[in-house]
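K.L.:
Now for the letters of each chain:
There are 2 protein chains.
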Amino acid sequence: MRFNGRVVEGEWIGTRALHYGDGVFRTALVLDGRVIDRELQIAKLASDADALDLDLPDPDALNADIEALLDAGASGVLRILLSRRDSGRGYAPTTRLCDRWVQLKPLPDHPRERWSQGIAAGWSKLLLGIQPRLAGIKHLNRLEQVLASRGWPDDQHEVVMCDAEGRVTCGSRSNLFFVIDRILVTPDLGFAGVAGMMRDKLVRLARETGIGCEIGLISPDEVRHASEAFATNSLVGIWPIRRIGSLEFPAPGPLTQALMRDLNHPWSGC
Amino acid sequence: MRFNGRVVEGEWIGTRALHYGDGVFRTALVLDGRVIDRELQIAKLASDADALDLDLPDPDALNADIEALLDAGASGVLRILLSRRDSGRGYAPTTRLCDRWVQLKPLPDHPRERWSQGIAAGWSKLLLGIQPRLAGIKHLNRLEQVLASRGWPDDQHEVVMCDAEGRVTCGSRSNLFFVIDRILVTPDLGFAGVAGMMRDKLVRLARETGIGCEIGLISPDEVRHASEAFATNSLVGIWPIRRIGSLEFPAPGPLTQALMRDLNHPWSGC
Chain G
288 MRFNGRVVEG EWIGTRALHY GDGVFRTALV LDGRVIDREL QIAKLASDAD ALDLDLPDPD
348 ALNADIEALL DAGASGVLRI LLSRRDSGRG YAPTTRLCDR WVQLKPLPDH PRERWSQGIA
408 AGWSKLLLGI QPRLAGIKHL NRLEQVLASR GWPDDQHEVV MCDAEGRVTC GSRSNLFFVI
468 DRILVTPDLG FAGVAGMMRD KLVRLARETG IGCEIGLISP DEVRHASEAF ATNSLVGIWP
528 IRRIGSLEFP APGPLTQALM RDLNHPWSGC
Chain U
288 MRFNGRVVEG EWIGTRALHY GDGVFRTALV LDGRVIDREL QIAKLASDAD ALDLDLPDPD
348 ALNADIEALL DAGASGVLRI LLSRRDSGRG YAPTTRLCDR WVQLKPLPDH PRERWSQGIA
408 AGWSKLLLGI QPRLAGIKHL NRLEQVLASR GWPDDQHEVV MCDAEGRVTC GSRSNLFFVI
468 DRILVTPDLG FAGVAGMMRD KLVRLARETG IGCEIGLISP DEVRHASEAF ATNSLVGIWP
528 IRRIGSLEFP APGPLTQALM RDLNHPWSGC
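Chains as they are written, first to last, in the numbering used here: chain G, 288 to 557; chain U, 288 to 557.
By construction, these hints were calculated from the structure, which means they are not laboratory data. Any given hint might turn out to be false.
No copy labels: a pair is met if it fits in one copy or bridges any two.
As the list claims (entries may be wrong) - Think about it this way: if two alpha-carbon atoms lie no more than 20 angstroms apart in a straight line, the pair counts; the simulated EDC-like pairs of lysine to aspartate or glutamate are: (1) Lys412 <-> Asp340; (2) Lys425 <-> Glu535; (3) Lys392 <-> Asp508; (4) Lys392 <-> Asp358; (5) Lys392 <-> Glu298; (6) Lys488 <-> Asp468; (7) Lys392 <-> Asp373; (8) Lys488 <-> Asp319; (9) Lys412 <-> Asp442.
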């Protein structure tokens with residue numbers, strides 16, 4: 288293999304992640320040498336891998352990979368990627384064995400107002416293709432997210448993506464929650480979209496604290512009648528949404544504020 | 288970055304091909320040190336790249352990469368991959384610049400009967416998601432093809448894939464042509480699927496030789512009434528199809544045979 292004219296070598300060259308996006312990944316927050324929600328992240332990695340007929344690698348090996356990145360007090364964004372092992376057979380997946388990739392990247396530098404005053408979102412013009420077999424999985428085929436992330440105005444932080452049948456689905460890098468008729472609702476991800484670890488955690492937290500949370504089909508028209516909206520992911524916890532296109536929301540609204548407090552995420556609790 | 292526990296380094300680590308499948312590729316046949324249909328392949332690479340807002344790299348550099356693989360008389364499968372250059376900004380594509388990957392892999396060892404007696408195909412259970420913005424492009428998000436390539440019986444060589452609305456679209460690694468009511472038809476790829484270089488070449492060849500070829504919407508029911516069927520790609524040229532599920536076709540049929548002769552592909556002409 289040659290990369291930009293230079294010979295590159297290694298076992299990784301045939302990786303199906305590079306050639307087909309045949310793998311899954313997770314992005315986790317690392318603060319002071321500690322991976323936040325580590326067990327939940329690994330559990331989610333395992334269930335996503337299984338959904339692509341992949342086995343989680345030996346847990347000791349994966350743990351050793353991660354520990355090797357966590358020098359005393361390191362902070363950053365941990366990316367764990369599992370790719371189906373190459374068997375030289377073209378598209379046909381002939382093994383459940385994975386190769387492991389881990390990487391620690393610098394922490395993003397988000398202004399504090401994104402938590403205290405909320406973020407601004409637009410509506411994505413790109414509609415997500417409907418593929419129930421891949422929906423919800425955090426796999427490596429992410430061109431739709433790439434295309435949806437182009438050309439945002441400077442004051443926009445996220446886009447709300449609908450699927451080809453008009454269902455509100457998720458942000459480009461977050462899951463979405465709305466308060467509609469005093470009920471917390473997050474989109475059903477059985478048709479398109481990515482189900483983040485933080486989404487699961489929020490659904491569970493809401494139910495545990497008696498708020499109740501429904502997973503359902505949400506139309507743009509229902510979003511128009513929402514009283515609160517927020518976005519979630521592993522890195523930021525909860526970002527209240529103050530605007531989607533021309534729609535405005537209190538940010539954070541009362542229920543969002545209660546969840547931010549109870550979530551106790553290192554960044555969104557304050 | 289660590290790969291299976293070992294530190295790996297290089298400019299390529301952040302490649303968006305690995306992390307998002309943000310790139311395009313081509314597969315070309317190399318025989319005796321010559322890339323078959325080289326100009327057509329590069330032209331197609333350029334138009335696919337442009338469809339993802341990517342620029343083709345400096346042609347001299349790309350040519351030098353390819354030449355470096357073509358040792359005196361080398362034969363094999365050339366894989367050219369272009370990935371958007373990393374800019375450390377997450378999904379957002381902030382550049383049209385590409386990194387270049389080239390690789391020469393061994394020739395596949397297909398039995399001659401696949402040309403002389405045709406191949407057997409099944410119907411894929413997986414329906415292709417509809418995404419007009421990506422349809423036709425030979426990009427690196429290929430999980431649908433991976434899933435469709437699982438679990439074939441030993442005597443099956445391809446699957447016919449329909450999109451979510453039931454339109455016959457393409458094979459997992461080939462384009463499809465049918466003779467329906469004496470007219471050659473190939474599916475419109477504006478909704479899903481990959482438009483191969485050989486498909487373009489065949490459409491042009493048919494039109495030049497007075498056969499006429501339509502690009503249109505094809506239902507499974509119309510396939511049932513086809514008198515001939517064949518699959519195309521850069522490596523094999525034309526493979527007559529003798530069976531799709533329980534449907535049988537003459538292989539090669541008379542029109543297929545004429546096109547195989549006129550195509551003059553190193554493998555499918557004989």
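K.L.:
With reference to the structure, classify each hint as holding or not holding.
P.N.:
These are the hints, each one checked on the structure:
no.	hint	verdict
1	Lys412 <-> Asp340	between (32 angstroms within a copy, 16 angstroms between copies)
2	Lys425 <-> Glu535	neither (30 angstroms within a copy, 40 angstroms between copies)
3	Lys392 <-> Asp508	neither (39 angstroms within a copy, 52 angstroms between copies)
4	Lys392 <-> Asp358	within (13 angstroms within a copy, 40 angstroms between copies)
5	Lys392 <-> Glu298	between (23 angstroms within a copy, 15 angstroms between copies)
6	Lys488 <-> Asp468	neither (22 angstroms within a copy, 57 angstroms between copies)
7	Lys392 <-> Asp373	between (26 angstroms within a copy, 13 angstroms between copies)
8	Lys488 <-> Asp319	neither (22 angstroms within a copy, 58 angstroms between copies)
9	Lys412 <-> Asp442	within (18 angstroms within a copy, 44 angstroms between copies)
In terms of the numbered hints stated before, the structure departs from hints 2, 3, 6, 8, listed from lowest to highest.
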